[in-house]
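Assemble the whole structure, with the sequences as input and the hints as a guide.
Going down the list, the protein sequences come from chains A, B, C and D. Quick note on numbering: the first sequence equals residues 70 to 398 in the numbering used here. Quick note on numbering: the second sequence equals residues 70 to 398 in the numbering used here. Quick note on numbering: the third sequence equals residues 70 to 398 in the numbering used here. Quick note on numbering: the fourth sequence equals residues 70 to 398 in the numbering used here.
I should point out that these hints are in silico values taken from the structure, not numbers from a laboratory. There could be a bad hint or two in this list.
All copies of an identical chain are treated as equivalent in the list; a pair is satisfied when it fits inside any one copy or across any two copies.
[Said to hold, decoys possible] When the alpha-carbon atoms are kept at most 30 Å apart in a straight line, the in silico DSS-like pairs for lysine-lysine are as follows:
#1 LYS260 <-> LYS213
#2 LYS75 <-> LYS213
#3 LYS378 <-> LYS124
#4 LYS122 <-> LYS209
#5 LYS86 <-> LYS378
#6 LYS366 <-> LYS75
#7 LYS122 <-> LYS88
#8 LYS139 <-> LYS305
#9 LYS88 <-> LYS209
#10 LYS179 <-> LYS305
#11 LYS139 <-> LYS88
#12 LYS260 <-> LYS122
#13 LYS305 <-> LYS129
#14 LYS154 <-> LYS385
#15 LYS176 <-> LYS263
#16 LYS385 <-> LYS179
#17 LYS260 <-> LYS209
#18 LYS154 <-> LYS366
#19 LYS141 <-> LYS385
#20 LYS86 <-> LYS366
#21 LYS386 <-> LYS139
There are 4 protein chains.
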Amino acid sequence: MIFILKNGFSESELIEKLKHISASYRVVDIYGTRVVIAWPDNIVSNIDDPSIKAKIMPRKPYQLTSNEFKEKTIININGVEIGGKRIAIVAGPCAVESEEQIVEIAKAVKRAGAHMLRGGAFKPRTSPYSFQGLGEEGLKMLKKASEITGLPIVTEIMDVRDIDVINRYADMIQIGARNSQNFTLLREVGKLRKPVLLKRGFGMTVEEWILAAEYILLEGNGDVVLCERGIRTFEKSTRFTLDIAGFAVAKTMTHLPIAVDPSHPAGRRDIVEPLALAAIAAGADMLIIEVHINPEKALSDSEQQLDVKAFENIMKKAKAVAEAIGRDI
Amino acid sequence: MIFILKNGFSESELIEKLKHISASYRVVDIYGTRVVIAWPDNIVSNIDDPSIKAKIMPRKPYQLTSNEFKEKTIININGVEIGGKRIAIVAGPCAVESEEQIVEIAKAVKRAGAHMLRGGAFKPRTSPYSFQGLGEEGLKMLKKASEITGLPIVTEIMDVRDIDVINRYADMIQIGARNSQNFTLLREVGKLRKPVLLKRGFGMTVEEWILAAEYILLEGNGDVVLCERGIRTFEKSTRFTLDIAGFAVAKTMTHLPIAVDPSHPAGRRDIVEPLALAAIAAGADMLIIEVHINPEKALSDSEQQLDVKAFENIMKKAKAVAEAIGRDI
Amino acid sequence: MIFILKNGFSESELIEKLKHISASYRVVDIYGTRVVIAWPDNIVSNIDDPSIKAKIMPRKPYQLTSNEFKEKTIININGVEIGGKRIAIVAGPCAVESEEQIVEIAKAVKRAGAHMLRGGAFKPRTSPYSFQGLGEEGLKMLKKASEITGLPIVTEIMDVRDIDVINRYADMIQIGARNSQNFTLLREVGKLRKPVLLKRGFGMTVEEWILAAEYILLEGNGDVVLCERGIRTFEKSTRFTLDIAGFAVAKTMTHLPIAVDPSHPAGRRDIVEPLALAAIAAGADMLIIEVHINPEKALSDSEQQLDVKAFENIMKKAKAVAEAIGRDI
Amino acid sequence: MIFILKNGFSESELIEKLKHISASYRVVDIYGTRVVIAWPDNIVSNIDDPSIKAKIMPRKPYQLTSNEFKEKTIININGVEIGGKRIAIVAGPCAVESEEQIVEIAKAVKRAGAHMLRGGAFKPRTSPYSFQGLGEEGLKMLKKASEITGLPIVTEIMDVRDIDVINRYADMIQIGARNSQNFTLLREVGKLRKPVLLKRGFGMTVEEWILAAEYILLEGNGDVVLCERGIRTFEKSTRFTLDIAGFAVAKTMTHLPIAVDPSHPAGRRDIVEPLALAAIAAGADMLIIEVHINPEKALSDSEQQLDVKAFENIMKKAKAVAEAIGRDI
Ligand SMILES: C=C(OP(=O)(O)O)C(=O)O
Ligand SMILES: C=C(OP(=O)(O)O)C(=O)O
Ligand SMILES: C=C(OP(=O)(O)O)C(=O)O
Ligand SMILES: C=C(OP(=O)(O)O)C(=O)O
Ligand SMILES: [Mn+2]
Ligand SMILES: [Mn+2]
Ligand SMILES: [Mn+2]
Ligand SMILES: [Mn+2]
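Put into structure tokens, the structure is as follows:
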């Protein structure tokens, strides 16, 4: 149950009442309001207090992420809007490999119309013998590429102990599929005031994904974009199965914007375009696509990264599809 | 291995040679040519004969369905093309319930721009206690609706013993997901010269789906449309998971046109539109959508059938998306 | 709702009453009683009639298969009991390949302690270019092997048109995974009075599996054994994922005996033994295992068939595990 | 490629050679030997050096976990062996809820024959509004229960920052399914010299699971037990699908012992026993089972926790099954 507080009122009496009935609660400042979340629903629903402006009882286990709590959220990342009419396109390599590589790619995707730059410096690799990313050095290169092109950057965090270093460089922090239920990491990014891109775990239900976002919002960070990137199924002709319906359902549940990553589910270059266009047609607010100057030589995800030409082609078609459904790129 | 025969030459000598090396073979008249398929590849690849115009050795287990065998197939159903520039829209109820119902729906979907009419008379129901369809009576009603509106009809066959009766009424014969590996049924529809809509089984890989079509082509019927309709996954917010990438991959493997059914994977009305638009954006050649005059009262799949208004909305947006990718509806 | 009828009473008045309220119904002679199944539940539950001995309203969509309808079923196949204390072991090749092959295997598995012989004459192959089975010739060879060894035989039916020929040779009729929702085939074997082995489809839920059996029982054939044989999942180190919990759950739902096929889910010889022993420990009433004299040369499923030695080893361990849980082999 | 070093020889020359050819490498002290792992294989395979006692090139992406590297590992936890003839039984509540609760349960499971105690103090809950565990207070209670009963304890770590506090109390550290690819956490527990229980992620392949263990071994900690606990599939009658074949395959790949958790896949009390017995029959080295004094009142996983009576029943049957396959409990 969400209690929205009146401006200038203290919640202390309300908290007393909640304590008195042994309810659990959290006070959160989010989206410019102060709210008290209290549970379980059955014991808190009768609580009243002069500090309460409104009560909302979402019919689902999630609260702050529920679209019963608020209207569609629009996030602004250095001028790039996510969740508005314009669809945000994020592009860049799987991993930062060198300053030259990331700067060159940044310039190329910018020229092709991308709004933001992606690139991993801490890479969650299945094998410890695979390239693990350049760490803080990679973040610096990413920053350089950002400064040269003006593109804001999104990059992945893998460890709570890296929160400060990542926060220093990133404009948006990515939580990867493998950390989507790393709850202590979710809480830490929730304590920042920086946009978060939350990948759906490949074994995660839509409801679990939204509840993972709830962990972040509950710490006061409301700038979360949910990113569908494919789930594990029996079909093996692609690396994962992009769940278009899954994110369409999520849009009926939450006010948060939705991103789609067509690269990782495809796992092969030739299927990225149809997935990207399908995502736009189905209502994605943002696309995040892996692009490399020289995909065959990439140190990770070489099979799926697009060359610049292929990315430019997608941009053209994506624009047309976006306009067909009344949006923009 | 496919041997394409010269016009006017007999294959009898070739057959002798194949018998001599104990190869397996089939002579098939398909797409206006006579071909001999022989296997296993390793023993037949050196065979030569004056009757042979060309040899094709697809690098995959499927042969006649392979796009190494031929260019993209376009199927013509009473003037409706599937696989060409125009995307064919098929609409109608899950099941034929009465003459009034099907005629009314046929008129409505025609008015909204549909090119063909769907409706089941033999329904594959999970429970024997559910409505099983009206049988031949249903086919007659469907025919009536077709005559009134001019829309060709597609309807499902469930039993090889119904082949004649279905063939008499249907313009296109549907093989349902649950019969997608009913190999004797596949062979029987292969013996007809009538277009087939082959649903992908919900536990079937893309390769198995194409091999199921191979059963039909091997009997000489090349007019097969593959229909993606969702696979079983752990995600339960929708009935099945529409595998957009699966059909995109299929398009890289086969020359057959691809249809998408957005209704059954959604299992809920509100997700049909995003799936339909995604399918078009990703390159579907045909959509098949469940539409009912009164969805709440439908005798089957009530949750997912659209009312006419919702279908009209999809038609408008679908047209725009089709045009955005250089196609038409 | 199930109405169990009194001996010697006619159901005609009851039927009248059901017609009067527009209920659906079926009269079935099964397990030595005459019952009337009527639905939907809400309109039939108040019906009364002197012919009614008892009313049962299972709380699930399935009725005759429900263990609310009857105690655990024991099936007798020429002296081999399935569902009793003794666990029935069925062994034999994937496919009958020659008289010599099947006779030799039959003798070997009998010697090792098997109670029944398996072997396919009509094979549901993914590809039309794979070995399709010997058809009726294969059935004759199977019969020969049965006569020599005294082992009853189970063999697969794929086509309703083969019902007579299969019925002539088989002691138990197998419905394969790919035909598990071929509802007209289910009905036809339901009309026979011969035991049926119903494989679970690899994309089928437990409830759907039981409802498939319901189709058979509703025609009056109560001798159905449910066979778990693995479902499709993302894990690819085995061919399918054996769902031990799935059949354990089925045992809490139905009175029908449960078989387990450890060969097809393994898809590799070295994993058949642990799956077989696990199945017994978890309560399987029957095992069906692929055994071949010369697995490497087998015309189908060569990777997973056991040689006789490996089967003998399983038999020894299986016996020990069976006794550990108070059963027998 | 693994280079096993001779006792008393320095690897410095070998390292020089590896640097010279730009190979990657790691020096690891594990299982009482010093080894150098170097990669990629193709460039390091020709390296030679007087310090090398033996070279091993596993044919798989994993190295130290491969059973090509060493014989089956047996782990000793305060006298409890895992991986030997005796099967280790770990039991206890999902979460520590109070000192009284954990002490009472510890006594009860000890009396029933359990060898170790489980209980979570940091709980990975899908929803932030669910009980999150008692934290360090919970660890203290667990310790108390351990001291009273003499049972070693296994408990979950969720955050790298808790490594010291967990290490102080736990005899074995659990990595939960949701953190199975939290690679920085894996590395940290790898730096300890304390046994680790590594749960398989519910969306994780067998190979990924073994590679996750490789992260731990590569830091020098060889005392890892792999724990199968069910994967996500379409079947919904249980919470997850226990992949018996998956762990049987793992046993053919690695020397590490295998545990099975039958409680979480079941998600319901009545299916825990068949899964537990199946796991033993299929070769598990350890079982970890949720047991609660008062399951209905449990603060987490209430549906699946067993009462003491049910656990005692399992112990009796488990013992019999273990003996049937030549093992012990
Ligand atoms: C690793 C990545 O993605 P995911 O976490 O979705 O696998 C990535 O975006 O580089
Ligand atoms: C039953 C139908 O579809 P499917 O076979 O795909 O389930 C249908 O189209 O009515
Ligand atoms: C084909 C067979 O099995 P399934 O139908 O389970 O695949 C078989 O038993 O030979
Ligand atoms: C949460 C637990 O398990 P898992 O990580 O396997 O879900 C547990 O053992 O308490
Ligand atoms: Mn990547
Ligand atoms: Mn339908
Ligand atoms: Mn087989
Ligand atoms: Mn638990």
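Earlier hints that do not hold, by number:
Hints 2, 3, 4, 5, 6, 10 and 18 not satisfied by this model.
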